[in-house]
Amino acid sequence: MTGVLGALSEAWDEVRVHKSRVVLSLVGVFLAVFAMTSVTAIGQIAAQVQQETAERTGGRPATIAVQAFDPMTGMPPDAEAWDVAVAELTGRYDLTTSATISYGEGLYRMPGGTQRVQTVRVSPSYGELHRKQPVEGRWFREGDRTSLSPALVVNEAFLEALGVPDLSSRPTVMLGGPTPVRATIVGVLREGYGSELVAYRVDRSGGSWGDAGAVDPMQAMYGGPSTLKLWVHPDQVDQVMETVRRDLGLALDGAQVDPYRMDAEGVEETLAVLRLAIRGAGVVVLILGGLGVLNIGLVTVRQRIREIGVRRSFGATSGRVFSAVMLESVCATALAGVAAVGAAVVLVRNLPVERWFSDGIPLADAPGFPVAAAIEGMIAATAVGALAGLLPAIIAVRAKVIDAIRF
Amino acid sequence: MSLLSLSGISREVVLPDGSLLPILTGVDLEIAPGEHVSIVGRSGSGKSTLLNILGLLDNPTAGTYLLDGEPTDHLRARRRSRLRGEVFGFVFQQFNLLPRRTAVENVAAPLLYARGRDFLRRRRTAAEMLDRVGLGARADHVPERLSGGEQQRVAIARALVRAPRVVLADEPTGALDVETGAQVMALLAEATSENGAALITITHDLSVAALASRRYRLDGGRLSPLVEAGSLGAATSDRGTA
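Residue numbers (the working numbering), protein chains in the order written: chain A, 3 to 409; chain B, 7 to 248.
This is chain A alone, in the form it adopts within the complex (with noise of 0.2 Å):
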């Protein structure tokens, strides 16, 4: 027990007593370890964004999108009865993660007058499974159905066509139509390409107002053909659109029922990809850090072959002189991987990235500095230290102790 307290305190006291190379010899190792950290901070945050970026188009891994129609027509099945057919569905498999989407035309009174907007009416869980992040407010909850005045979550454009700057004044607007209603705005989202106009509205199922606004008569009740997405686990894909298919055709009497999947299956590669070339620039780095530490180690041992066989002469077996000496070098570097983690951490926790990666929309499952990221950091400074360390310790085993002392 002595025996290693001694050693560490050999190697502690060699790192407190040569304060000036010890820190030269780890500027190195720290810019490696902060930049290998940050950079796995950061490309985790970045991946993320990606993930939900990718996840707002197209859904969260696994998600099946469910269309119906008449094979002879072409023409979307009855609305209620699609209804049924998806509530009873969902109920008998207990598929708790399911949205609808339809896309339709709105008629909204403006300030210019009245314009046609592209809605699309959802679900409110529409929102978890496409990830939904709205800048400003809320997204649609299942209270919404039963408000009083629709709630409507709109796109920046629709916001600043209306003249509104913000949400702070509860901003209003009148659905038009055969019976006008006026809807209240709780969400603004950043989506829509230019000054397109965009609007989201509680599915069809909405209450009373249920059809207002709505352009076309034909769809005055329900809006267009709805989609029905489920949330599966990835393994359950193929089981499940089987599973839809045939029993959603058999309720809706001999319609083709096509299931697809529809998130970007690709994207989880594609991020193992950039995780994978961020890791190896890091290690790039932190080899190059570990090479400077070695090279001043080197160096040193040969320095301070006179002090190794003085404490030869104090009794210090091989596997003393070998352990401090390679301690010396591991002690500093895991001093220097302490130092570059709390700078990685001071950074990225203080460096608004997400905004920078995400275009200002704050990501729905926001990363906190990967614990992972800090860990590996400090594993990697002490392994640097180790090997760095091994060299100059091989040396001065191997000093002779009579040619270190010279009596």
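Worth flagging that the hints you see were computed from the coordinates, not collected in a lab.
Glycine included, every Cβ here is placed at the ideal spot set by N, Cα and C.
Hints may contain errors.
Quick look at which bits of chain B chain A covers, simulated, 3 or more residues with Cβ under 8 Å [what the hints assert, rightly or not]:
#1 53-64
#2 88-100
#3 184-190
Output of the computed footprint for chain A on chain B, the stretches with three or more beta carbons under 8 Å from beta carbons of chain A [stated by the list, open to error]:
#4 103-109
#5 143-151
Here are some of the chain A residues that sit facing chain B, going by a computed Cβ distance under 10 Å [to be verified]:
#6 G5
#7 V19
#8 P73
#9 M74
#10 E90
#11 G93
#12 S315
#13 F316
#14 G321
#15 R322
Assemble chain B onto chain A, guided by the hints.
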């Protein structure tokens, strides 16, 4: 029984051309506990090699070296190192203090290799030892800020801090002026005597050698007693050629 017993010790080294160079030849020496022995000889006579062998830093090529009656030739490296730390204390001509460490850190350094209580109390023990050599007030000074005499006193305190049974001193006054050298030798003799440790001094200085109870001359690798005035005179003349 002798503490150290050398019998027929020889040491040869292989030269780059493959030939053998004898350094020590048939050295016989007995050292008893608490004894003070000095060895004089000219440069290249094998004094340092003999000291290295005595201190378990080197092995003889022939002969028997008994430490406390135990043969040392088959000792494993680890055991040799432990014995070296526990039995011997070294005083070097150039002091060999660890640079940038304070006096007390230097004196405590050998206790880093001790165990248990000795290890844990190393700083206090070192401070006490510095007090004994009269340097208590200079405990926090680094060697660079100490005079030569003070540095050698720190080295003596360091050699004695583990209470060794033998102190091996290699030209302990070689880097000091005459007056300081005499003070240092008096201190070394007194401190080892108080500890009951044997003191083996290698020196060119016959006045230093004269302090020992037994004196030897090493010439051409052969050890012989130095007892006559004529021999002392010869050794004195050696100093001029060193």
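Now the hints, each set against the structure:
1. Counting residues of the segment 53-64 of chain B whose C-beta sits closer than 8 Å to any C-beta of chain A gives 7, which meets the bar of three, so the coverage hint holds.
2. For the segment 88-100 of chain B, the stated coverage by chain A holds: 9 residues have a C-beta nearer than 8 Å to a C-beta of that chain, and at least 3 were required.
3. Note: the segment 184-190 of chain B has 0 residues with beta-carbon separation from chain A under 8 Å; the three-residue rule is not met and the coverage is violated.
4. For the segment 103-109 of chain B, the stated coverage by chain A holds: 4 residues have a C-beta nearer than 8 Å to a C-beta of that chain, and at least 3 were required.
5. For the segment 143-151 of chain B, the stated coverage by chain A is violated: 0 residues have a C-beta nearer than 8 Å to a C-beta of that chain, whereas at least 3 were required.
6. Restraint check, A/G5 versus chain B: the minimum CB separation of about 7 Å is within 10 Å; hint holds.
7. Given hint, A/V19 at the interface with chain B, holds; its Cβ is 5 Å from that chain's nearest Cβ, closer than 10 Å.
8. Interface hint status for A/P73: violated, as the beta-carbon distance to the closest one in chain B is roughly 88 Å, over 10 Å.
9. Contact between A/M74 and chain B, as hinted, is not supported at the beta carbon level, the nearest pair being about 93 Å apart and thus beyond 10 Å.
10. With a least beta-carbon distance of about 77 Å to chain B, the hint placing A/E90 at the interface is violated under the 10 Å criterion.
11. A least Cβ separation of about 72 Å between A/G93 and chain B goes past the 10 Å threshold, and the interface hint is therefore violated.
12. At about 5 Å, the closest approach between the beta carbon of A/S315 and any beta carbon in chain B falls short of 10 Å, and the interface hint on this residue holds.
13. Annotation: interface hint on A/F316 holds; nearest CB of chain B at approximately 4 Å, less than 10 Å.
14. For A/G321, the suggested interface contact is upheld, since its CB lies about 7 Å from the closest CB of chain B, less than 10 Å.
15. The criterion of a C-beta within 10 Å of any C-beta in chain B is met by A/R322, whose closest approach is roughly 7 Å, and the hint holds.
Hint violations for this structure: numbers 3, 5, 8, 9, 10 and 11, all remaining hints satisfied.
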